[in-house]
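Chemist: This is what each chain is made of:
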Amino acid sequence: MNEFLNDPEIMGEFINESREHLESLEPKLLQLEKEPHNLDLLNDIFRSFHTLKGSSSFLGLTQIIELSHKSESILDKLRREELKVTPEIIDFIFKTADILKSLIEDVASGKEDKIKGVTANLSKDISEIINKIEETIEKPPSKEKELKIEAKKIDNEEKEVFLNATQQYLSTIVECINKLKKGTYEQEVINALFRTFHSLKSSADYMKFSEIKDIAEEKEDLLQKIREKKISISKETVDELNSSYNILVKLIKNIEKSGEELLQPEFISSKEEKTEKKISPEKPLPQKKIRLEKTIRVSENKLDLLMNLAGELIINRGGLFSIAQKLEAGEKISETCKQLRETIEVMNRITRDLQTVVMDIHMLPIKNLFNKFPRMIRDLCRKKNKKIELKISGEETHLDKMMIEKLGDPLIHLIRNSVDHGIETPEERRAKGKPEKGTIKLSAFQEGESVTIKIEDDGKGINPELICQTAIKKGIINEEKIKSLNKKERLNLIFLPGFSTAKKVTDISGRGVGMDVVMTAVKDLRGEIDVDTHIDRGTVFTITLPLTLAILKVFLIEVNKQTFALPLSSVKETLQINSNQIKGILNKESIVVRNRVVGIARLSDLLNLTHNGNKNRHISIVIIEGGGKELGIAVDALQREEEIVIKPLEGCLADTKGLAGATILGDGRVVLILDPRELIQLAINGR
Amino acid sequence: MKKKILVVDDSATIRTLQGFILESAGFEVQTASNGIEALEKLYRENFDLIVADINMPKMDGLKLIQTLREQDIYRDLPIIIVTTEEEEEDRERGLAVGANVYLVKPTDPKKLVMNVKMLLG
Chain A
1 MNEFLNDPEI MGEFINESRE HLESLEPKLL QLEKEPHNLD LLNDIFRSFH
51 TLKGSSSFLG LTQIIELSHK SESILDKLRR EELKVTPEII DFIFKTADIL
101 KSLIEDVASG KEDKIKGVTA NLSKDISEII NKIEETIEKP PSKEKELKIE
151 AKKIDNEEKE VFLNATQQYL STIVECINKL KKGTYEQEVI NALFRTFHSL
201 KSSADYMKFS EIKDIAEEKE DLLQKIREKK ISISKETVDE LNSSYNILVK
251 LIKNIEKSGE ELLQPEFISS KEEKTEKKIS PEKPLPQKKI RLEKTIRVSE
301 NKLDLLMNLA GELIINRGGL FSIAQKLEAG EKISETCKQL RETIEVMNRI
351 TRDLQTVVMD IHMLPIKNLF NKFPRMIRDL CRKKNKKIEL KISGEETHLD
401 KMMIEKLGDP LIHLIRNSVD HGIETPEERR AKGKPEKGTI KLSAFQEGES
451 VTIKIEDDGK GINPELICQT AIKKGIINEE KIKSLNKKER LNLIFLPGFS
501 TAKKVTDISG RGVGMDVVMT AVKDLRGEID VDTHIDRGTV FTITLPLTLA
551 ILKVFLIEVN KQTFALPLSS VKETLQINSN QIKGILNKES IVVRNRVVGI
601 ARLSDLLNLT HNGNKNRHIS IVIIEGGGKE LGIAVDALQR EEEIVIKPLE
651 GCLADTKGLA GATILGDGRV VLILDPRELI QLAINGR
Chain B
1 MKKKILVVDD SATIRTLQGF ILESAGFEVQ TASNGIEALE KLYRENFDLI
51 VADINMPKMD GLKLIQTLRE QDIYRDLPII IVTTEEEEED RERGLAVGAN
101 VYLVKPTDPK KLVMNVKMLL G
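Residue numbers (the working numbering), protein chains in the order written: chain A, 1 to 687; chain B, 1 to 121.
These are calculated hints, taken from the structure and not from any lab test.
Yeah, the Cβ is synthetic: ideal placement off N, Cα and C, and Gly gets one too.
The reader is advised that the hints may include incorrect statements.
Below, simulated DSS-like cross-link-like pairs (lysine-lysine); rule was C-alpha separation at most 25 Å, straight line [as the list claims (entries may be wrong)]:
(1) K110/B x K253/A
(2) K208/A x K2/B
(3) K257/A x K110/B
(4) K77/A x K3/B
(5) K101/A x K70/A
(6) K111/B x K77/A
(7) K4/B x K41/B
(8) K159/A x K111/B
(9) K572/A x K483/A
Per the computed footprint, the stretches of chain A lying under chain B, defined by three or more beta-carbons under 8 Å from a beta-carbon of chain B, are [unchecked claim]:
(10) 165-171
(11) 181-193
(12) 203-215
Only chain A is shown next, with the shape it has when bound in the complex (with noise of 0.2 Å):
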């Protein structure tokens, strides 16, 4: 049964199409709960854990097969409207599809023999919470609904129940049909078989055994029809009336031996055959662990294209084959080179489209971390008692898929803050006269080459007192310092380690860990984040980021005869200036720009290199920006624009300040690529 598991294949598939199932689950849910009498929907939802339960028993998953089975059966009720859509439910099918979703991460990571602990507890959890919500059903209005829900739990007595009522069914048509065969067409006698039918009828009806309330149905009718004389009654009748008794018996046999109905006899045998199986200890699962790669889907659009291009390179390799072999034997040089320039060309056209494609394939919706955010908003609201509306805006926008994953943390961090913080509860909103429900707007645009998130919401806003009263509690600033700060700059203080405005520690905006965190982790994806506030109306937080990690488009600057990289977004501009133009001392120099003064450093000093004594009189400088401040950066010579692929930093350079990574140049040269702003972070402390 669990040779499947060892099939990188099948299991691919499996964890892919599950994967799928459940992340749709979220929005279908949170959609239910606005819509609880969308039949669609909810057969829509009741599809996807179907197909998880039947895809996992093909695989032998015993504990998805559970929890899937467990959610269909309340997916089911509620479809049959012996249940109503409650928050509670939702909550209950949320829940599960959570554990489903580890399950099947933990599937993917080939734990499956872990799997069975886990569950064994978050079965428990599951159980709880039916039993939980089986409780909340014994309230609803109708009373008889309510034990007829009740009833359904003891099948087996149930089962008795309706074979002992059956038996007594069976034998009063049987002795009625010897009355007809002799020929005493009394009306008691109809009578009593019309009874009869009509109590088997209901009964099966009470069992959902379709089958045999079809036939009792029938039959009913035909005697209901002889009662009223419409038919007389004849040999033929109760020939029917006989055989529909006979089948009547088998059926009501089956029930007995497998709680089914089920008409062939060949079913039973190979129906038996599975339970057994099912009683058979289950052989322990294969010690060999599948590695699953990671997937991605790609429209087959791109992939043509990729395979397009990927002939094109061919064909070009072979035109420059030709060309060297011309070039080593000396033939028509001049007519080569004109041949080798245009191969060139269609090279770098190539290329281009190749990396343009590539990108493409790299860059996912920012969707994918947008949906997210409906239900968290949900839970939270429900668990902090506020209304809240979310809304979404831009989530088509492309990212680069590692970004999508880095910003979640991040987002579910501000989110969250906006929340607990930020929006206020219905009574203090009313009190404000602001609309009960608060809304939390989260949208996303690109713009040129950056793209730009923002989270609003229209609660009570930061004070920016407060925040500077904290800040000088917790020692992170000064008096003094504090008062040459703008509010722009004393807002930004709470991106400081160590600052937190929360009275106390809240379960949603986690523990203690503040606003640093989310600064720390838009930095690593080379971004920025700016808040903006207005008292009682509420917060922005606007998170820039750059289209792609890999790709980075730097200014190149020499220094020491050693060439550095400075990504260009930091660059303001540059100028060459003369050397007395530059005022101040040693650390504390400045120029004058356009009627502005602006700090300017060494890079050699920045970056302890040895000074090489550059005395010329013209200086050029680079200006560049970060984390809202300027800095004037001194360099021997400017020189050009270019697009680089980042490499990571490995070994002691890594930690080295100022640096953010490494790059190759076309002609093969390393080159250091600079952090702007860590580099105006050098420059200040170094005052």
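Please build the complex by placing chain B on the supplied structure of chain A, with the hints as guidance.
Modeler: Just chain B now, with coordinates in the frame of chain A:
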């Protein structure tokens, strides 16, 4: 609308007990202590089902059912016999006079409720 059940039994304990079981299952219950009383109640108001004992003074359960089945309006009324008579012949007789189901005392409350529900559909 709650379904109405008539419980017919000469024992006050049984009447109260069955009444309680069926009421807590969501039914409306009235009681009669013998066949005659039952007929009187039946002629005054409509019931959806009858639960009746066999051994009763004045008019026993079998006679009650027989009387009811002779009248067209009662020919389809579901009737459950709940009795201490456990002989096979008794059961056959009960079904022959027109009871839908024959249960032997003491009946498990749940089973009684289930039987009622199965008959009421």
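Chemist: Work down the list of hints and note, for each, if the structure agrees.
Modeler: Now for the hints, and whether the structure bears them out:
| no. | hint | in the structure |
| --- | --- | --- |
| 1 | K110/B x K253/A | 24 Å, holds |
| 2 | K208/A x K2/B | 22 Å, holds |
| 3 | K257/A x K110/B | 23 Å, holds |
| 4 | K77/A x K3/B | 24 Å, holds |
| 5 | K101/A x K70/A | 15 Å, holds |
| 6 | K111/B x K77/A | 23 Å, holds |
| 7 | K4/B x K41/B | 12 Å, holds |
| 8 | K159/A x K111/B | 10 Å, holds |
| 9 | K572/A x K483/A | 28 Å, violated |
| 10 | 165-171 | holds (count 4) |
| 11 | 181-193 | holds (count 3) |
| 12 | 203-215 | holds (count 4) |
Violated hint for the displayed structure: number 9, the only one.
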